[in-house]
Structure formats: C-alpha cells, structure tokens
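Each protein sequence line maps, in turn, to chains D and H.
All letters in the first sequence, in the order written, are residues 1 to 326 by this note's numbering.
All letters in the second sequence, in the order written, are residues 1 to 205 by this note's numbering.
These are calculated hints, taken from the structure and not from any lab test.
Predicted, not measured: the structure shown is a model, and the values here were computed from it.
Ideal Cβ positions, reconstructed from N, Cα and C, are used throughout, including at glycine.
Incorrect hints may have been included.
[What the hints assert, rightly or not] Here are the simulated lysine-lysine pairs, DSS-like style, with alpha carbons at most 27 angstroms apart: (1) H:K18 with H:K205; (2) D:K172 with H:K170; (3) H:K122 with D:K127; (4) H:K205 with D:K92.
[As the list claims (entries may be wrong)] Stretches of chain D that chain H covers, calculated by requiring three or more beta carbons in the stretch to come under 8 angstroms of a beta carbon on chain H: (5) 77-86; (6) 207-219; (7) 225-231.
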Amino acid sequence: MKKIMNDPNEVVQEMTEGLTAAHPDELKQLPGTMVIAKMNAPISGKVGIVSGGGSGHEPAHAGYVGEGMLDAAVAGEVFTSPTPDQIFEAIKAVDGGAGVFLVIKNYTGDVLNFEMAAELAEAEGIKVEKVVVNDDVAVDDPSSRRGIAGTIFVHKAAGAKADQGGSLQEVKAAAERAVNNMRSMGMALTPCTVPAAGSPSFQLGENEMEIGIGIHGESGIERKEITSADDIAKELTEQVLDDFDFTGEAAVMINGLGSTPEMELYIVNRKVQAILADRGITVYKTFVGEYMTSLEMTGCSVTLLKLDDELKTLLDAPAQTPAFHS
Amino acid sequence: MELTVQDIVAWIEKANEKMQANKKYLTTLDQEIGDGDHGINMARGFQEAADKLTENDYPDTGAVLKDTAMTLMSKIGGASGPLFGTAFLKMSVAAKGAETLDHETFKHGLEEAVNGIKQRGKAAEGEKTLVDVWAKMADLFNRETDFSADKIADEAANAMEQTKDMMAMKGRAAYFKERSIGHIDPGSASSQYIFAALADIIGGK
C-alpha cells in the first residue's frame, strides 16, 4: 500500500481538518464530531439538508456542503456509515424550524444509522423526512440497488428546493422526483485499498475489468477482459437505458472513481453523447469529473437523469460548494 | 434464578472477552460474504461498552443495558451498531427499574429485542442475519421457565450453524446471492458469543 497519509486511523479526522482549513469562511466542523456544516447553519425557516456516509468517496459528501446543496454532511470511517449520534448532531445543527431532510445512499448501514438518528431527532421534536438513493442498475432488485454518483443530483434537487423556500414535503417530493428519474452504472479497472486494511478488498487481473462494480468494490455483473472506451461507454449506457425510458431531455454525469484521468472520462463522454443522440435523447447538461469516488479505484460511472421543467429549474439554481458550482 | 446488576455487567464483560478473542474469526467470516470489518467493529464496540460499565455504579439492570445499548449504537458503526444497539435498548426498556432480572422479565426483554431488530433491519427469520440467533433464543426462553446455561449455549450455537445453509437476503451479503450459502452469517456468530457469554455467567452462579 502506497498512500499519502500519517496514521491510517486518523485519515478521516485529518481530512476534515484540511477541508475546513481550505474553506474557513464557508465551512465549520462541529466540535467533537465528524460533521461538516455550512458556516451560517441553521437558517431560520429553511429546511436543512443533511447527507453523509462512509468516507473515501470524496468530494462526497462534505464537498457538497454550501449554498444551494447540503447544510451539513456527516463523515463516517472509510466505507463505514456514520453513527446515529453523529447524524443526530448534524440534524440539530441545521434545524431552522422548518424540519430537516436526509439524503441517504441505499446501503443497509447508512439506512439503519440515519433512520435511528431520525428517530432520536423526532423524539426531540424536530421534523425529519428522508429519501433513499438507489440509482445503481447493476443490482436487479430496485429495493437493493445501491446509491452511487446520482446522489449528487439529489443533493442538488433537494438543496435548490429548500433554498427556494420549499416545505419539508416539497423538498422530499423534489428529491424523490430526482431519484425516480435517475439511473447509473459503473465499472472498474483496478481495486482500492482502505487505509486501515492495508490491502485491496478484491483483485482484478492485469487485463480485466469489472462491469457494475459498487463504490466499495461490491461485486458487479460481469468480470471480463478490458475493451475499448467506446465499448465500455456503450455497455454502461445501454444498461442504464434498458432500465428506464429516458426519451426527452436528460442530464448526464460521467463520474471518475478516483484514479481515472479526465482525458479518459471525456473519451467515455464522447461515446455516451453519441449514443444518446442516436436514441433521440436531448442532453440538457453534462457533468464530467470526480463527484463520487471510491478512494483510488480506476474506473467510471455513467448517470442519466431524465429532466422535466421542475428538475431543470432545480438543476440550474445557484449552488456554491467546494465541489459543485452552478 | 435472578440476574443482578453485577451479573449483567459481567455478561457484557464476558461478551467483550469473546469478541476480542474472536475478532479475527469474525472478520474472516465477514470477508467471505461482506465487507470484512465485523470483527474489528464488534471488538471496538464491546470494548467501549465494557469500559463504560466499569466507570459507573448502576441502580438497576435496565440502566446497565441502556448504557450498553447507547455505547454499542455509537461505537460499533456500520449496520451492526443500530441493530445490536436496538436489541439492548429494547431489553433495557423491559428491564427498566428492575434491580434483578427473573426469567419472565428476561424473556419479555428478548421478545422486544427480536421485534426491535426485525423492525430496524426490516428482516425476518431465515434471511441469514442476527435475527436467526436472537429469534431462536426468544423461542427458547418461551419454552423454558428458568435460566439454563447449557440450553442457552447449545441453542445459540445451533442457531448460528443453521445460518450456514441459508441464502442471504439482507445486507451486503445479499449481493452474493447463492454464493452466500455455505458461510456462517457474521452477525449470527457475534450474537452467538453474546449468548455464550450469558450462559457462562448463568453457569457460574
């Protein structure tokens, strides 16, 4: 294992210290917690938006704390959900009286810990609602589908709706609209190593790739010999298109998993755009870059979000965060 | 037989000893069908719980179980934190204000714990989760009228073994589908240690 780090057990704490030091006017870390919150939180009368999950997916989620997206993000240990007490602190810190909305990626640990935190908050009189993001079509059963890069679109939709003065129910509806109209699929060329573990969680041969892999290295659909960028783009995009009718307008995200050169992401995007044009899908906006990573995994994911007028408005609304601007 | 505050503290300490001793084994089980951190997480959570209990004096068994629950919930992490936290929290509610725990109260606490875990994890029996051990223990307590160390230890071990032939339906192991068959569920294994620890305490009285 070759990593730029000090103590493998301190990586999350040291990362959050570095992050807040980079954005001293916008972000604060709640003392004694792994919660990164907007400097001006809570905002009276606005629904607070909280997300989070295991670390190792940077810039998710603390990179999306700021105007127009999240009010707070909770960082767990690497690839491990944060605990209910930490999430509860985040909820309390962003509650401006209009309730708090939780954006949860669909992993058992995340769902259980966030739900337990929601119960603790409700017991103290804070209204809490949630959405569970399950955009990964690599898993057949929709209720078991993992939340991956599409989560960023949900941060955007929920955050914009809350900024526009939406009620807790309206924020929930906007987030659900994004979740219901969105699908993703990823692939990897190389595994990643959790710092405290010291060795990769799985192995891929020199000429192998895995299609449908999860952002923690969960097994995908198929492991096979690596093919061209065009073939990879085609396979990911077609799996996404087979699962949902995207006819109309869509937003596209080509997400790097941590160690993929931008050059390669753009090569993938080139083919994805061509396929969508062929299928008569109009691309309204494209995002290419690292939005939801998996430590130093090499690979990418393709996310499509079908847009209607409301989702377009929410996507275009102003956002000012370390990792996302619009 | 009735379990005292000291017995409950000793139970958690014994469970901690077993988690520490089997940390590597639990992690190996989890590497086969999960994400390979169960032993590390359980060992950390139970160490913190045992430490916490030695720091305080407790008026009743419910208070011991509540502190155990809150510590496990916040220190284990992952999916196991809320699940084991919920189990002990439900038992603590059943034991609230009880200076000692008789078989009847313990039985009631276990039933509540099983319901709590099922609800929290949206899991049923037979889905290769810790529910498979906890539910069997509640059944045993329903059949019996007094604590029996041997029966508790045997039933827990049997229930854990039975998860081997099940296909995982919940948690990360579910992604392995048929490939999860033939492996013991890590959460059932750690649950088995919890009840083996209870049997040790009862057997030593």
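- prompt: If you check each hint against the structure, which ones fail?
  reply: The structure conflicts with hints 4, 7, although it agrees with all the remaining ones.
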